[in-house]
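Chemist: The lines below spell out each chain.
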Amino acid sequence: QKEVEQDPGPLSVPEGAIVSLNCTYSNSAFQYFMWYRQYSRKGPELLMYTYSSGNKEDGRFTAQVDKSSKYISLFIRDSQPSDSATYLCAPGRRALTFGSGTRLQVQP
Amino acid sequence: GAGVSQSPRYKVAKRGQDVALRCDPISGHVSLFWYQQALGQGPEFLTYFQNEAQLDKSGLPSDRFFAERPEGSVSTLKIQRTQQEDSAVYLCASSLVSGSSGNTIYFGEGSWLTVV
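Residue numbers (the numbering used here), protein chains in the order written: chain A, 1 to 108; chain U, 1 to 116.
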């Protein structure tokens, strides 16, 4: 079993849609959960992170962690074409483990 | 510089050739990371430095891979006798201290290596 599993997509949605991106992980010791965004031919950039279980909101983005089921989610409200990118989940505080990434395409 | 700088951006190597990839981290950043990212995959951790000390090299796939950071700033990832499976994007990242809450890891744009 891989340490982090993530649906690869691609996920194509119309502008304004609500997007849900998800990962599962296996190591129950993880306390920090990062989401990175990676545009084509660029390096990943940290989007947001959460600590332990619960929700964290930042503008149109909400990160959610359910440690009991080892499930992490990123929600994007009112999605924009500029959100088109690959989204990587990375449990753990030192960015040692990444999911395979979900490619998102927001159609104008 | 303003961000993590990597060179070369693109490298085509013949199988068996040695390559060296350079990373110039953000000034003052103590921690430096190298990752390998295959097409359609997430980054895979290779190695980690704190200043000049290589604290973790557990991700290096073989002894053909070698990384150094002799003065605690610029780092070089060297791949000897390249093979086709080494074709990937090599990402460098740095952070002020060891990656943790409040210490964001900043990535460079990567060095795209193609072995033919």
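These aren't lab readings, by the way, just hints derived from the structure by calculation. Hints should not be assumed to be uniformly reliable.
Here are the computed lysine to any residue pairs in the SDA-like style, where the Cα-Cα straight-line distance is at most 20 Å [stated by the list, open to error]:
#, chain 1, residue 1, chain 2, residue 2
1, U, Lys57, A, Glu3
2, A, Lys42, U, Thr114
3, U, Lys11, U, Asn103
4, A, Lys56, U, Ala38
5, A, Lys42, U, Gly3
6, A, Lys2, U, Ala38
7, A, Lys42, U, Thr104
8, A, Lys56, U, Thr104
9, A, Lys56, U, Arg9
10, U, Lys57, A, Gly92
11, A, Lys56, U, Gly40
12, U, Lys57, A, Leu96
13, A, Lys70, U, Gly3
14, A, Lys67, A, Asn27
15, U, Lys57, A, Arg94
16, A, Lys2, U, Glu44
17, A, Lys42, U, Leu39
18, U, Lys11, A, Arg93
19, A, Lys42, U, Gln41
20, U, Lys57, A, Arg93
21, A, Lys56, U, Asn103
22, A, Lys2, U, Leu96
23, A, Lys56, U, Pro8
24, U, Lys11, A, Glu45
25, A, Lys67, U, Val30
26, A, Lys42, U, Val12
27, A, Lys42, U, Lys57
28, A, Lys2, U, Thr114
29, U, Lys78, U, Gly40
30, A, Lys42, U, Pro61
31, A, Lys2, U, Gly59
32, A, Lys56, U, Phe45
33, A, Lys67, U, Lys11
34, U, Lys11, U, Leu96
Chemist: Checking one constraint from the list: CA of Lys42 (chain A) to CA of Val12 (chain U), max 20 Å. Satisfied?
Modeler: holds, 19 Å
Chemist: Please work out if Lys11 (chain U) and Leu96 (chain U) have their alpha carbons no farther apart than 20 Å.
Modeler: violated, 29 Å
Chemist: Lys57 (chain U) and Glu3 (chain A) were given as a pair; does the straight-line alpha-carbon distance stay at or below 20 Å?
Modeler: holds, 19 Å
Chemist: CA of Lys42 (chain A) to CA of Thr114 (chain U), is that 20 Å or under?
Modeler: holds, 17 Å
Chemist: Take the C-alpha atoms of Lys2 (chain A) and Gly59 (chain U), compute the straight-line distance between them, and say whether it is at most 20 Å.
Modeler: holds, 15 Å
Chemist: Take a quick look at whether Lys11 (chain U) and Glu45 (chain A) sit within 20 Å of each other, Cα to Cα.
Modeler: violated, 23 Å
Chemist: Would you mind confirming whether the straight-line C-alpha gap from Lys57 (chain U) to Arg94 (chain A) stays at or under 20 Å?
Modeler: Within the cut-off at roughly 14 Å; holds.
Chemist: Hint check: Lys11 (chain U) vs Asn103 (chain U), CA-CA at most 20 Å. Holds or violated?
Modeler: violated, 31 Å
Chemist: When you check the alpha-carbon spacing of Lys56 (chain A) and Phe45 (chain U), does it fall within 20 Å?
Modeler: Violated - the C-alpha atoms of Phe45 (chain U) and Lys56 (chain A) are around 26 Å apart, more than 20 Å.
Chemist: Can the restraint linking Lys11 (chain U) and Arg93 (chain A) be considered satisfied, given a maximum Cα separation of 20 Å?
Modeler: violated, 31 Å
Chemist: Is the Cα-Cα distance between Lys56 (chain A) and Arg9 (chain U) 20 Å or less?
Modeler: violated, 35 Å
Chemist: Under the criterion that the straight-line Cα-Cα distance not exceed 20 Å, is the pair Lys57 (chain U), Gly92 (chain A) satisfied?
Modeler: holds, 18 Å
Hints 3, 4, 9, 11, 13, 18, 22, 23, 24, 25, 27, 28, 29, 30, 32, 33 and 34 from the list above are not met by this structure, while the remaining hints are.
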